[in-house]
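Undergrad: Chain by chain, the residues run as shown.
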Amino acid sequence: MILILLPLIFSIIAWIAPSSTMRLIGLIASACSLVASIISVSFFNPTEHVLFDLGVQLVRFSMDSLGYIMVILTNAVFFLVFLSNYYNQIIGHRRFTALAFLMQFGLLGVFTVNTILGFYLFWELTLIPIFMILYWFGSFENSRVLMKFFLYTLFGSLAMLVSVIGLMQITHQQTYDALLAADLSTIGNAGIWLMGGFLLAFAVKIPLFPFHTWQAQTYTKAPIAGTMLLSAIMLKMALFGLLKWVLPIFDGIATDFWRWPIITLSLIGIIYGAVIAIRHQNLKTIFAYASLSHLGLITAGLMLQNSQTNEFAVVQIVNHSIVAIGLFMAAGIIEQRLKTTNINELGGIAKVAPRFAFWFAVLTFISLSVPFTSGFIGEFFLIKAIFDVHVFSGILACTTLVLGAIYMLRAYQAPMFGPTKNEKFLDLRWSEIAVFALLSLAAIYFGLAPKCITDFVAHSLIQTTH
Amino acid sequence: MDSIVILFISGLLGLFVGMRQQTLLSLIIALGGIILAALAAFFREAYHTPLANYSNYIPTPAYVIILLCFVTLLAILGGYKRYSQDKDHIGDYFSLILFSLCGAIMMVQPNDLMLFFIGLEILSIPIYVLVGIEKGSALSAEAAVKYFFTGSFASAILLFGIALLYGATGSFQLIEIQSNLAFGIWSSPLAIIGSLFILAGFVFKIGAVPFHFWGPDVYQGASNAVLMYMSTVVKIAGIYAIVNVFGQVFRDSYLFWIDLISIIIVLSMFYGYITAWKQNSFRRLIAYSSIANAGLMLLALANTQNSNIFLFVSAYSFATIPLIIINNVANSDDDDLKNWEGIAWKNPLIAIALVVALFSLAGIPPLAGFFGKFSLLWSALPQIPYTVILALIASLIGAFVYLKLLLLALKKPSVQVKQSIPLDQIIALLITTMASLVALYFI
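For the protein sequence lines, the chains are A and B, in the order given. When we follow this note's numbering, the leftmost residue of the first sequence carries the number 487, and every step to the right adds one. When we follow this note's numbering, the leftmost residue of the second sequence carries the number 16, and every step to the right adds one.
Treat the hints as calculated values from the structure; they're not laboratory data. Mixed in with the good hints there might be a few duds.
Computed footprint of chain A on chain B, listed as stretches where at least three residues anywhere in the stretch have a Cβ under 8 angstroms from a Cβ of chain A [as the list claims (entries may be wrong)]:
#1 303 to 315
#2 331 to 341
#3 401 to 407
Partner residues aside, some chain A positions facing chain B, computed with beta carbon under 8 angstroms [what the hints assert, rightly or not]:
#4 Leu-607
#5 Tyr-621
#6 Phe-623
#7 Val-631
#8 Met-633
#9 Phe-636
#10 Tyr-638
#11 Gly-652
#12 Gln-655
#13 Asp-663
#14 Leu-665
#15 Leu-666
#16 Leu-670
#17 Ile-919
All C-beta atoms in this analysis are idealised placements derived from N, C-alpha and C, irrespective of residue type, glycine included.
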């Protein structure tokens, strides 16, 4: 329980602490959360559930192994965000640090809450801080893009709210276990509509194909720390909700109804995202569409609902966080030093900054899912599972690897090699090297031993599959 | 009985003190009266009307009276800066507000149509005066005349409805009317027309479409200080009255009027929010937002067994009052939205209060506004699902409106000017913000 409240306490501390100490506070406090969660997981028995609450009836918490993975991932992401931006202007602001910790609190709540209403509350709570961060620190010359982001998400959330109320009123239950046990087969088509409300919210957040239009614009205009938070951890809320809440609860008619529509949209997203990424000139936009493409594969895998794909989807979720932080950090480094991320204006950076070129290459290969990295094993099993069910879909899903190679190598090659257009380029600082090294280590470790994740989450995933 | 008597006496006292132009003493008397009235209601647990002596008497729930007193207290605190500038009339302001609060307390009692009408008049007449109290301003005079004429007209229609209902059932008591109607008098055209007239009168008072037209002009003409009282207490009293009458008396004809109410809800919300989008004047924006919120409040009628309006009206009041206070800081007596640009940078308290209030009005959890909306939707969804979904879409537009205001206020100015706020407004802002934040613990 203290694990969840820690960020809230840090947020309050950041509001009142003097702003000269803000950098250190951000770094140390996020490291504290990370260490606390790692210590706490070492005492945790993956087969059990730990229940607790904060005195509010409607919001109760439970810790299971899936929740633990997400909690550690969240804490790690926040630590890396603070570390990677250590020399940036943004970390020095009290507002950023306080809001980021508030957001961390919301995210930890989403991943550990045990009641359906609590899930909605924390889901929305994360929206306020990220909105303020984007508004204050982003380069939104006119606020249209930001409004679009906020209203897309709010629209999805309201649909989810109707579904939450409907679900609670039909089943008269609100805790996770009771909802799992509740028999929804009797309500017939209403279940399809209720699940549709949830799916709409998730589709906006993930994002799935027709609901993705906020993504690239927001990522490009957002401050780099905000983009990292959005893509590395906020989008995972939707996948987590799908995996833990929606698919198990609506198991049966509703899931069968939505399975193929969602998989189709995901496959369209995989190819569409990749094709757009190939055509685009802006590094941040390329990475945004790459994210659309990668997440499509995870969503398609989750919709298949067998225990193996679920486990490897979790591996892939972790992997995507690693890739997202690494790539957006690289884009951020280029943007900060050269004030542009357009690949036509970049070139020959490898000559002036060899260390950056090396680590960027490592990250590029991780995102290409080279064997022995975490991406390979995850993508391999997800694609295999889709193949087993439907061969043609499997072939389409495979294109993610080929197309991914095209846009990633292009995004790497053009700025790094080619004619030198940028003479001055400050090479990496210690904090940036540390982030890249940690990410690469994690990716290789999980690539060699994905079992440490899959076995750990298997216990809590057992009850999510039939 | 105690609350009304205490309020009345402290109102009279305030008049005498006001003659000597002692502003602080007037404030203390007014606040003391309100706090004592709330305490009296709290210790009596339920409020008994002095004028009625019924066999089957339903007491007014104490928490409603406490909410009315509390909101009035905040409105007086927030407006004190403006009142104290006008030393000649300081006593008038406070006394009129206290008298009007007496009317509001009479209006929320769930027993008697006649008492309820008297309460409505006691509530309204001081407000007509308060709106027009700035004698120099043409806008204020126009607003007062408009409000007075339309308001009297609505009262007349309401009274006509009450008379028709009396003709049909032979009683003013809500319980008796209900039991008489249950015997099949619903086929009587008198009762049906009477109920429609009563509905029209009510809808006028809370300012929902199609009887909303007075709202924007009156809100614009009134000063910020009066608006704080007017936009909150009148709505609370009106919606409680409507829930009492329609939830209780006309329960058996639910299917007859619920469609009408649904249409009013949807029209009010869409009209209010869409029109608010294009406003350049803050008080007009608040007026249209209050039209939309009146529509939302009417959702409470959908479930007559369990109408859960308390959370929503308190959340609405605790979000509207800080906004008007901030407008007072930004604009003093003016209400141009241009002056709102960068207002959040003038004072950290303003920034926090503004963010909390606007997100609360937009209905983002975990703020009070969300729980208010949630409890309304919760009871209404099984009864009128399509209306609820339309209402949600409208509140998405509403989020647009509030967000636009928020972005305007958060825009970083080129030159930062610090501005201090007087102590009474700081207290009001702090209380409302805390109330919006801790709502989670009261559900």
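Undergrad: Please go over all the hints and tell whether each is borne out by the structure.
TA: Hints, verified against the model:
Counting residues of the segment 303 to 315 of chain B whose beta-carbon sits less than 8 angstroms from any beta-carbon of chain A gives 0, not enough to reach three: the coverage restraint is violated. A stretch counts as covered by a chain when three or more of its residues have a beta carbon under 8 angstroms from one of that chain; for the segment 331 to 341 of chain B and chain A the count is 0, and the coverage is violated. With 3 residues having a beta carbon nearer than 8 angstroms to a beta carbon of chain A, the segment 401 to 407 of chain B meets the requirement of three or more and the stated coverage holds. A distance limit of 8 angstroms between C-beta atoms decides the matter here; for A:Leu-607 the minimum to chain B is near 4 angstroms, and the interface restraint holds.
Nearest Cβ of chain B to the Cβ of A:Tyr-621: about 6 angstroms, under the 8 angstroms cut. The hint holds. The interface hint given for A:Phe-623 is broken, as the beta carbon of that residue sits about 11 angstroms from the closest beta carbon of chain B, more than 8 angstroms. Using the Cβ-Cβ criterion of 8 angstroms, the hint placing A:Val-631 at the interface with chain B is not satisfied: the shortest such distance is roughly 12 angstroms. A distance limit of 8 angstroms between C-beta atoms decides the matter here; for A:Met-633 the minimum to chain B is near 6 angstroms, and the interface restraint holds.
Here the hint on A:Phe-636 is kept, as its CB sits about 6 angstroms from the closest CB of chain B, short of 8 angstroms. The beta carbon of A:Tyr-638 is not positioned within 8 angstroms of any beta carbon in chain B (closest approach about 10 angstroms), and the interface hint is therefore violated. Taking 8 angstroms as the C-beta contact cut-off toward chain B, the hint placing A:Gly-652 at the interface holds, the least distance being around 7 angstroms. This hint holds: A:Gln-655 has a C-beta 6 angstroms from the nearest C-beta of chain B, less than the 8 angstroms allowed.
About 22 angstroms separates the beta-carbon of A:Asp-663 from the nearest beta-carbon of chain B, more than 8 angstroms, and the hint is not met. Interface restraint check: A:Leu-665 against chain B, minimum CB-CB distance 17 angstroms, threshold 8 angstroms, status violated. Taking 8 angstroms as the C-beta cut-off, the interface hint given for A:Leu-666 is violated, the closest approach to chain B being about 22 angstroms. At a threshold of 8 angstroms, the smallest CB-CB gap from A:Leu-670 to chain B is about 17 angstroms, leaving the interface hint violated.
With a least beta-carbon distance of about 34 angstroms to chain B, the hint placing A:Ile-919 at the interface is violated under the 8 angstroms criterion.
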